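4 protein chains.
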Amino acid sequence: MVQTKTELLSTEIKHLDIKKYNFADMIDSMGDTAFQARNLSRAAQIFDMMLKDKQCGVILCLAGSLISAGLKQVILDMLENNMIDAIVSTGANIVDQDFFEGLGFKHYKGNPFLEDTKLQELAIDRIYDTLIDEDQLRICDDTICEIADGMQPRPYSSREFIHIMGKYLQDHGKDKNSIVLRAYEKNIPIFVPAFSDCSAGFGLVMHQVKNPEKHVSIDSVKDFRELTQLKIAAKETGLLMIGGGVPKNFAQDVVVAAELLGEDAPLHKYAIQVTVADERDGALSGSTLREACSWGKVSVVHEQMVFCEATIALPMIAGYAYSKGSWKQRAEREYNNLFATTETVA
Amino acid sequence: MVQTKTELLSTEIKHLDIKKYNFADMIDSMGDTAFQARNLSRAAQIFDMMLKDKQCGVILCLAGSLISAGLKQVILDMLENNMIDAIVSTGANIVDQDFFEGLGFKHYKGNPFLEDTKLQELAIDRIYDTLIDEDQLRICDDTICEIADGMQPRPYSSREFIHIMGKYLQDHGKDKNSIVLRAYEKNIPIFVPAFSDCSAGFGLVMHQVKNPEKHVSIDSVKDFRELTQLKIAAKETGLLMIGGGVPKNFAQDVVVAAELLGEDAPLHKYAIQVTVADERDGALSGSTLREACSWGKVSVVHEQMVFCEATIALPMIAGYAYSKGSWKQRAEREYNNLFATTETVA
Amino acid sequence: MVQTKTELLSTEIKHLDIKKYNFADMIDSMGDTAFQARNLSRAAQIFDMMLKDKQCGVILCLAGSLISAGLKQVILDMLENNMIDAIVSTGANIVDQDFFEGLGFKHYKGNPFLEDTKLQELAIDRIYDTLIDEDQLRICDDTICEIADGMQPRPYSSREFIHIMGKYLQDHGKDKNSIVLRAYEKNIPIFVPAFSDCSAGFGLVMHQVKNPEKHVSIDSVKDFRELTQLKIAAKETGLLMIGGGVPKNFAQDVVVAAELLGEDAPLHKYAIQVTVADERDGALSGSTLREACSWGKVSVVHEQMVFCEATIALPMIAGYAYSKGSWKQRAEREYNNLFATTETVA
Amino acid sequence: MVQTKTELLSTEIKHLDIKKYNFADMIDSMGDTAFQARNLSRAAQIFDMMLKDKQCGVILCLAGSLISAGLKQVILDMLENNMIDAIVSTGANIVDQDFFEGLGFKHYKGNPFLEDTKLQELAIDRIYDTLIDEDQLRICDDTICEIADGMQPRPYSSREFIHIMGKYLQDHGKDKNSIVLRAYEKNIPIFVPAFSDCSAGFGLVMHQVKNPEKHVSIDSVKDFRELTQLKIAAKETGLLMIGGGVPKNFAQDVVVAAELLGEDAPLHKYAIQVTVADERDGALSGSTLREACSWGKVSVVHEQMVFCEATIALPMIAGYAYSKGSWKQRAEREYNNLFATTETVA
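Chains as they are written, first to last, in our numbering: chain F, 4 to 349; chain B, 4 to 349; chain C, 4 to 349; chain X, 4 to 349.
Derived by calculation from the structure, the hints in this document are not laboratory data.
Some clues are possibly wrong.
Identical copies look the same in the list; a pair holds intra-copy or inter-copy alike.
[To be verified] Lysine-lysine pairs mimicking BS3-like chemistry, simulated, CA-CA at most 30 angstroms apart:
no.: 1; residue 1: K121; residue 2: K8
no.: 2; residue 1: K327; residue 2: K23
no.: 3; residue 1: K112; residue 2: K327
no.: 4; residue 1: K23; residue 2: K331
no.: 5; residue 1: K121; residue 2: K238
Because the structure is a prediction, the values reported are computed rather than measured.
Construct the entire structure; sequences and hints are all you get.
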């Protein structure tokens, strides 16, 4: 049953539109059951509490492969409706997947049983049950390189670089339904603390190799400094964390960083994590939010772990809060305005 | 049963010394059983194959909390006996835990049932069943700041910065049993691609805030460039990955990066991953090494996933290879010599 | 914060009513996304296919603590609407939880952080985040003993015994919303292959100790024989399995048993399993449905594993099929009529 | 790469012999590390404590596929050296795997990537990475039928039936290295509370269908009664549980059953569970031993969960206790003598 590249890349992933459905009552009812349904219900209610709380800035943390998995529209809907004020993410979500789609490329439905050596020959990359045209990913790399080539050579935070990527999509993007673009338009900062760990890394390595003396660099300290600045400005904050990894740690850490800078930043007042990771291996991704309390990062009053895979849990949590409508009273925060606008393009 | 801080921080974690034990025959025998014992056995044998293969450079990837968990000596033994030629790690392992112990501080045995709000009041940080004196961690942050204050203001790779941390420990360290120190002495590069995501981030943010105009920055692109350079120089490579996250992705990606730079770098010839993460959520940490083959990163000939928690699996894999002794024929690679020695201290 | 028994047992678990919600379109849309959302979508569609297939008998397998977790009404709705023709379950669900509620008792919301030694003193039993009054559970045990005391002393299948429990609830039950009662009324067989492994075991041990010579016994072979007989009569079958364990294995095995009896029973044509268990430990609960194909039990054409906790996944799968309405064309099967009606009560 | 049945069934699983290795010091040292290594160490030490405690009867609980996975010799060594006084198991381990090997059949190394439809055609059954000749399994079924045909028609406990299987192996077995045989010879009871849920079920269904009026039946209540009787006689008890499922629940429940019979049976004094199951789905298999305390089953003083796959953890726990040698002072308990010797063979 040999398939060609065209056959393998024939069925597109379609992004789920939570605005079409209202299941808020069901999620409230799940609060009277048990186990993860009850946890999911409480998490959704805490997210809605964050949005009701006028003082609270909301930070969305993204790890895993969420955009390729069809969750882009869920995140866009949260951005567009002022449900999210900042994003901290892995590079894959923002560059390889969202920016990639912004360039007009797509993700395709596959399955986990395909033969990977065969896919390699066909230049198809697999993410569990999803497929990507590797040649298109190379164009994405090249585009990053091209963007960097046009920038003033100096250290940038990933946030600054992603802002410029948003500008690029505004000018040249083919799919306007992009998180990077929408965040650019709405002045919402996106941080990718391990920015080289994705297609951006490939593009920027090419840029630096071409320009060995003077080039763009990505200063991960600046990212941390800016996110800390945001925390100090926001005061009260809530975290909606999908997966763990660097985004989770990075976003939690800013409370401590603010304190070290002599600022009186409160613990994250609300915290939700959706994950299937396990606390029993002692790794950060599965560590409980209670454990984060010992570190002085997260308050235990409104925290909830949900042990559920994100493609199921995120639409339900976001859809719940969308249906509830508390976001309608929220102002845009445009946290990007906190940071000096430097002339970044040569 | 209220405990004081002194009582809580009374029993030190002790690092396991695999050199004392020889269980290689048992691990070979496990290869004739099934499930994860068989996988563990095959992983140990593949690690020994890497060491026998004179052409193969070995990269150790570290995620999770391994040093605090008593695995420092296992890693030191691998460094000292030329079983490892480069390290890619999360910041926690290298800075918050190894460098921290190099400064003379310790980790302590606790348990997962302690009350975290109480720990917070006592300034004790918890990692599952392990405890840290938060005041000592602040000294670690300050030390990073102090080191940065003494450096020329420019972008550095994390590898460069960690090399300077090694020099610091040589001069000022209190516990000479340190990965950062030993890697410094043996010219073994350590990369931390998300360098701000740990105590180093706290120290460097303080440094940058104190020095807003001219300061040290950490260029994560340079890290990627250097590791790619290492891959190109090494040609054949093997990965021993403990946990997933950024180190796994970063180390796998260099094959593609080398290709993009027009260099003919082969797939990673050997690859082992020890993890409890699950492929079924589509995230990178649990993604199979076969999946990495579709991306053109890892060969499927000698790859093995071991689904086991690292404190059990790593001593067995490392201890097996130590007992087998193939490392005795290996030369030091001193990959740090690949990179221009720039004057880094002001 | 010491709580009394009354305080701890104050908030009842309420059973989720899927009939109130229609999220079928969302679940269809999830089929165009990835990972477990896509798997959940396909599982829901396969369940609807089973119901559309007039030739197909549907067997529901239940493991884990589902009734105490608020899923009783979901299962009742499937029974009442001819979406399920037989049940294979662990004893906890059927006796300790459903029959227990039939006697008028309740489950209560707790949390996983309660102190278990304290609960033991208060005679409160904990299931993760759910609480039970142990004194009421003892009444449940006694009721089983009392029922057995009134029966003819001979070996029974668990199905026969549970049928008599249904009669008991019809006569004496306080909560008519019971799976055991509804199955009795609708002639739907319920099998509990490890019948002693629950409150029924306690009651029956008391019965046998009181009646050492002549007593009721539970013949697990008879269960297997009857379920095989059902499979032979049903011909085409589909499995909706929640959790793994004995019910999963038992229900899959009947295909082989039928073959051994010289009957030409087809593989289970449809199979769904909702679980968080992992195939990597080689245990049955997490073993894939593809693996079951090697055993000649399950066809791989319409099979789907969903890696999601049941309190979230089952309402979505059952609710989807309820909304679709294919069950409206299904006839009652009353499989209990397959089995000789023996006079069972003394 | 099509393989024949002979090629696929060519490499035998070999049972690990823990008596050859001494890694007790390493396991003690793991107690000073963290996470699962520390848990494993404590579990091994608790097992040794059970053996030192002259008052304590030791019950081994087995779930999952352990014998096919090469752990038979580990269990045999525990039986032969009085480290175990009773076994509660799933049927697969005892009948399909141990008794099957006693008849002279073998398990073979395979891998999880074989095509299951192809295996089905070849009559090869797969357990994750292990293969079985289905034709030989049918001989095992037939042997059970033949044994039952020769027995007096009446209800038996699974323990009684397995005892007779041991006698059969003594007379007719081809591989004397059998758990069923050794337990028979040493008067150690083996309970399989869901006895039909395995090859025994197939054989006994054939027996009952051939003998519709008068036949052997398996009374699961009698099993529970006998195990309760054992608990009452043993007084102090310890549980070594590999996996969860019915054996875990059944063995824990006897404390409650004894109490219901008016006997003063203490909580299980020691309890160890090796599992990869997760408490977060509320199912029994992953429920903590602390939770079992709320049910009045297990004391929390000496209990330890080890989250590790059994093929790795069991040899280490059993090997530790074997090396320590506390078993040398233990007397045989021959708990089978507690139960009336009835003439069971026609």
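- Query: Looking back at the numbered hints, which does the structure fail to meet, lowest number first?
  - Reply: none
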